[in-house]
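Asks: Okay, here's what each chain looks like letter by letter:
Protein chains: 2
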Amino acid sequence: MEYIQQNFNVNFSYGVFFSSNLFDPANTCLSSFLESKAEPAFQKKLLVILDGGVVAHHTNLPQQITSYLQTVRGFQLAPEIITISGGESVKNDLPLLFSLVDAIDKYGIDRHSYVIGIGGGSLLDLVGFAAAVSHRGVKHIRIPTTVLSQNDSGVGVKNGVNYKGKKNFLGSFAPPAAVFNDAVFLTTLDTRDWRSGMVEAVKVALIKDAPFFTWMEEKAVTLTAGDMPAMKELIYRCAALHMQHIGGGGDPFESGSSRPLDFGHWSAHKLEQLTNFELRHGEAVSIGIALDSVYSFLLGWIDESAMQRILTVLKNMQLPIWHPLLEMQDGKPSPVIVGLEEFREHLGGQLTISLLRAIGKGEEVHHIDLDLLYKAVTICKNNQ
Amino acid sequence: MEYIQQNFNVNFSYGVFFSSNLFDPANTCLSSFLESKAEPAFQKKLLVILDGGVVAHHTNLPQQITSYLQTVRGFQLAPEIITISGGESVKNDLPLLFSLVDAIDKYGIDRHSYVIGIGGGSLLDLVGFAAAVSHRGVKHIRIPTTVLSQNDSGVGVKNGVNYKGKKNFLGSFAPPAAVFNDAVFLTTLDTRDWRSGMVEAVKVALIKDAPFFTWMEEKAVTLTAGDMPAMKELIYRCAALHMQHIGGGGDPFESGSSRPLDFGHWSAHKLEQLTNFELRHGEAVSIGIALDSVYSFLLGWIDESAMQRILTVLKNMQLPIWHPLLEMQDGKPSPVIVGLEEFREHLGGQLTISLLRAIGKGEEVHHIDLDLLYKAVTICKNNQ
Ligand SMILES: NC(=O)c1ccc[n+]([C@@H]2O[C@H](COP(=O)([O-])OP(=O)(O)OC[C@H]3O[C@@H](n4cnc5c(N)ncnc54)[C@H](O)[C@@H]3O)[C@@H](O)[C@H]2O)c1
Ligand SMILES: NC(=O)c1ccc[n+]([C@@H]2O[C@H](COP(=O)([O-])OP(=O)(O)OC[C@H]3O[C@@H](n4cnc5c(N)ncnc54)[C@H](O)[C@@H]3O)[C@@H](O)[C@H]2O)c1
Ligand SMILES: [Zn+2]
Ligand SMILES: [Zn+2]
Numbered sequence: 001m002e003y004i005q006q007n008f009n010v011n012f013s014y015g016v017f018f019s020s021n022l023f024d025p026a027n028t029c030l031s032s033f034l035e036s037k038a039e040p041a042f043q044k045k046l047l048v049i050l051d052g053g054v055v056a057h058h059t060n061l062p063q064q065i066t067s068y069l070q071t072v073r074g075f076q077l078a079p080e081i082i083t084i085s086g087g088e089s090v091k092n093d094l095p096l097l098f099s100l101v102d103a104i105d106k107y108g109i110d111r112h113s114y115v116i117g118i119g120g121g122s123l124l125d126l127v128g129f130a131a132a133v134s135h136r137g138v139k140h141i142r143i144p145t146t147v148l149s150q151n152d153s154g155v156g157v158k159n160g161v162n163y164k165g166k167k168n169f170l171g172s173f174a175p176p177a178a179v180f181n182d183a184v185f186l187t188t189l190d191t192r193d194w195r196s197g198m199v200e201a202v203k204v205a206l207i208k209d210a211p212f213f214t215w216m217e218e219k220a221v222t223l224t225a226g227d228m229p230a231m232k233e234l235i236y237r238c239a240a241l242h243m244q245h246i247g248g249g250g251d252p253f254e255s256g257s258s259r260p261l262d263f264g265h266w267s268a269h270k271l272e273q274l275t276n277f278e279l280r281h282g283e284a285v286s287i288g289i290a291l292d293s294v295y296s297f298l299l300g301w302i303d304e305s306a307m308q309r310i311l312t313v314l315k316n317m318q319l320p321i322w323h324p325l326l327e328m329q330d331g332k333p334s335p336v337i338v339g340l341e342e343f344r345e346h347l348g349g350q351l352t353i354s355l356l357r358a359i360g361k362g363e364e365v366h367h368i369d370l371d372l373l374y375k376a377v378t379i380c381k382n383n384q
Numbered sequence: 001m002e003y004i005q006q007n008f009n010v011n012f013s014y015g016v017f018f019s020s021n022l023f024d025p026a027n028t029c030l031s032s033f034l035e036s037k038a039e040p041a042f043q044k045k046l047l048v049i050l051d052g053g054v055v056a057h058h059t060n061l062p063q064q065i066t067s068y069l070q071t072v073r074g075f076q077l078a079p080e081i082i083t084i085s086g087g088e089s090v091k092n093d094l095p096l097l098f099s100l101v102d103a104i105d106k107y108g109i110d111r112h113s114y115v116i117g118i119g120g121g122s123l124l125d126l127v128g129f130a131a132a133v134s135h136r137g138v139k140h141i142r143i144p145t146t147v148l149s150q151n152d153s154g155v156g157v158k159n160g161v162n163y164k165g166k167k168n169f170l171g172s173f174a175p176p177a178a179v180f181n182d183a184v185f186l187t188t189l190d191t192r193d194w195r196s197g198m199v200e201a202v203k204v205a206l207i208k209d210a211p212f213f214t215w216m217e218e219k220a221v222t223l224t225a226g227d228m229p230a231m232k233e234l235i236y237r238c239a240a241l242h243m244q245h246i247g248g249g250g251d252p253f254e255s256g257s258s259r260p261l262d263f264g265h266w267s268a269h270k271l272e273q274l275t276n277f278e279l280r281h282g283e284a285v286s287i288g289i290a291l292d293s294v295y296s297f298l299l300g301w302i303d304e305s306a307m308q309r310i311l312t313v314l315k316n317m318q319l320p321i322w323h324p325l326l327e328m329q330d331g332k333p334s335p336v337i338v339g340l341e342e343f344r345e346h347l348g349g350q351l352t353i354s355l356l357r358a359i360g361k362g363e364e365v366h367h368i369d370l371d372l373l374y375k376a377v378t379i380c381k382n383n384q
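Residue numbers (the UniProt record's numbering), protein chains in the order written: chain A, 1 to 384; chain B, 1 to 384.
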């Protein structure tokens, strides 16, 4: 039997910029980036897709974007800025996905041009996927406008949409060309989105960075009340930890079963779905972190005071730490807990759940004791 | 302005195996590969998607596959083998794409499991894309059953489907987990598919490997008449050249404009489309190679005898070297030649067309002289 072995590496690299007032004509952060990519021989194109929830609070934004991008040398802005509603519902809408693909086609966005998504994590996941499948992948730039997307989803390498009620069933790994975080957008966030975005920072601190957790303990109350300098620091540190894990963790496209950044997420995904996304992602993850932290305590991995510190941070951020769907329902198993198998299937392979060995140190298990888990649910309930 | 730089490499590797009678219980090529991937902790799953055009000639194949795969240790075969019609039309059928996604969901194919596509390049392009977008990419194995898919499309890293009449508008780069070429399938190919598959070998020899071209000149007549040992050699050498280019050419996922393996393809893609895919891909590429070789001659890049050798090989393979759509139509420009801009857009950036500096040596240009191109059309017509 003859045989040929193929083997090659593909390099991925992108910058994440932290700025304010990106579309102020005096701010050259975005325009310099683009102009550094210009080519003398041809024009590159730009297509902007904008979150309607952002525009509602920044009504001049479409005009500002147009004036700003029209002057970028070497680039031609598509005649239309596409505004779509924001929020999770855009990920449940295949016709909307195809309408973005159609726009990429209509405006001649080729593999040297850029699609720019501006909005929350939902919009960015949708736009990133539309770009990833068009022409076998056109470049995309992300301008995240929520805490969650600035500190986690927007700086990573994944995209996706929901399919037949299954969260992120369709998607891909497609790193952005660049990411621009603009703090000004955060000033208009709904308080629920402001708060719930902080959860990913709690998550990544718990598994990787104890001093960052301690810092958040100190700042939890003022952060929650709207302390912007603290929020900028939280976002920067959280984004950096996520990026280090992706770039330095040895498995950026998640070919193995290990997924430490999903600490607290197995129950969260299911809770989001079961509540029809009335729970925000971060709220659901807050509940998930509480549950898995208490479970870690019941296993004897962390002590009671560590557990209490975790629950207190979440409560100081005014986030939920329990949900009725975690309990048995009329003698039947909790629908969230039944979702463990679905979670395993989405990841593939052996069940792999991150727990805590200490504050700042995650560790994986491949088995969950259901009795102990229901005990953890009760402890969360009583600690609310 | 703060800034974080992300940078990482992703390694891709896969083997291409050349065998015969893959599903003969005595042939352990495929089963050994799978068993080497088994894990003690859990079962992996297999879902087979089969080309109806293959089954029409190998009616026992579904049963053979079932018996063969049911005995592979560590793997569980989905209860259904999915047979779909083969040929280009499967790439024009979005509901069919989603029905494969549904099957991946229904049969619990996770990121450790395998989708196995068995069929021509069209089926493999469709199946590879369905796998690539499900769960952000489930693994797929390709078992190509045509000359073209065994020597070119099946051993590469691309997949895709057509969208709104645009060839491969939706697609991705997603290397297979492994490829198994089984020569026995080729015995039942339609003569048009047998012949047209050889064109990719002529193409890659012309741009990279003069001795291989000379070998094909000698073998053209017997190859065309059905010489299987020669065909196996042609496929092996052609696959190896394609794989070397992808793995060693520095741009496996085609981020630049350079695309030497697309020699002869700019007009071919348009001709396939304009003839509603009544021209086979290889037939269209044969015409495209003839046109671009003659154009290279008119530029003074190759001499007349080299040009004649190329046209003769294609004619000895009983392949077309001209098409009426290449000519002006009632005083209007040829619709194929108008398609040059569409080709540029699909690739992005500057127009980049491979031509020939010599037999065995491709070179790119960024400009095409239309008068000269119409002259080349006429020369092709007169040389048929
Ligand atoms: N790709 C990944 O790696 C990854 C990681 C984590 C989460 N996610 C996904 O991210 C999504 C959640 O994203 P999100 O939390 O950013 O919420 P979101 O995108 O759903 O937005 C929430 C709401 O805020 C509005 N909004 C956005 N920016 C605003 C602003 N600056 N001012 C006022 N309103 C604004 C939106 O219109 C929407 O109504 C989920 O679908 C989740 O699965 C993806
Ligand atoms: N992904 C890539 O890199 C790449 C490269 C080149 C071409 N392609 C694509 O490949 C497609 C063409 O593939 P193809 O030439 O293999 O043809 P095909 O897949 O369209 O098949 C042609 C016909 O042969 C039948 N068939 C397949 N195997 C058979 C067998 N062993 N015996 C009898 N009949 C058989 C099919 O059912 C079909 O009717 C095009 O869509 C082209 O764009 C992709
Ligand atoms: Zn999250
Ligand atoms: Zn081809």
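Keep in mind that the hints were calculated from the coordinates and are not lab data.
Please read all numbers here as calculations on a predicted model, not as lab measurements.
Check before you lean on any hint, since a few could be wrong.
Lysine to aspartate or glutamate pairs mimicking DMTMM-like chemistry, simulated, CA-CA at most 20 Å apart [said to hold, decoys possible]: (1) B/Lys232 / A/Glu345; (2) A/Lys158 / A/Glu80; (3) B/Lys37 / A/Glu88; (4) A/Lys44 / B/Glu345; (5) B/Lys166 / B/Glu35.
Quick list of simulated restraints, FRET-style, between CB atoms [as the list claims (entries may be wrong)]: (6) A/Ser89 / B/Glu2: 27 to 35 Å; (7) B/Asp102 / A/Ser89: 41 to 49 Å; (8) B/Ser67 / A/Lys164: 31 to 39 Å; (9) A/Asp251 / B/Gly256: 23 to 31 Å; (10) B/Glu80 / A/Tyr374: 56 to 64 Å; (11) A/Thr28 / B/Gly256: 23 to 31 Å; (12) A/Gln70 / B/Glu2: 43 to 51 Å.
Heads up, incomplete: computed chain A residues facing chain B, CB under 8 Å, no partners named [as the list claims (entries may be wrong)]: (13) Gly226; (14) Met228; (15) Lys381.
Ideal placement from N, C-alpha and C gives every residue a C-beta, glycine not left out.
Asks: Does each hint fit the structure? Answer for all of them.
Replies: Status of the hints after comparison with the structure:
About 40 Å separates the Cα atoms of B/Lys232 and A/Glu345, which puts this hinted pair outside 20 Å; it is violated. The straight-line distance between the Cα atoms of A/Lys158 and A/Glu80 is roughly 26 Å, outside the 20 Å bound, and the hint therefore fails. Only pairs whose Cα atoms come within 20 Å are accepted, and B/Lys37 paired with A/Glu88 is rejected, the gap being roughly 37 Å. Between the alpha carbons of A/Lys44 and B/Glu345 the distance comes to roughly 11 Å, so the proposed pair stays at or under 20 Å and holds.
For the hint pairing B/Lys166 with B/Glu35, the CA-to-CA distance comes to about 40 Å; that exceeds 20 Å, so the pair is violated. Remark: the range hint 27 to 35 Å for A/Ser89 to B/Glu2 is upheld by a beta-carbon distance near 33 Å. In this structure, B/Asp102 and A/Ser89 break the distance hint of 41 to 49 Å, their C-beta atoms being roughly 22 Å apart. At roughly 33 Å, the beta-carbon separation of B/Ser67 and A/Lys164 lies within the given 31 to 39 Å, and the hint holds.
A/Asp251 and B/Gly256 have their C-beta atoms about 27 Å apart, which keeps the hinted 23 to 31 Å range intact. For B/Glu80 paired with A/Tyr374, a C-beta distance near 37 Å fails the hint of 56 to 64 Å. Separation of A/Thr28 from B/Gly256 is about 27 Å and conforms to the stated range, judged on CB atoms against 23 to 31 Å. Separation of A/Gln70 from B/Glu2 is about 27 Å and departs from the stated range, judged on CB atoms against 43 to 51 Å.
Hint on A/Gly226 is violated. Least Cβ distance to chain B is approximately 21 Å, over the 8 Å limit. Because the smallest distance between the Cβ of A/Met228 and any Cβ of chain B comes to about 15 Å, over 8 Å, the interface hint for this residue is violated. Because the closest C-beta pair between A/Lys381 and chain B is about 32 Å apart, greater than 8 Å, the hint is violated.
Checked against the numbered hints above, the structure breaks hints 1, 2, 3, 5, 7, 10, 12, 13, 14, 15 and satisfies the rest.
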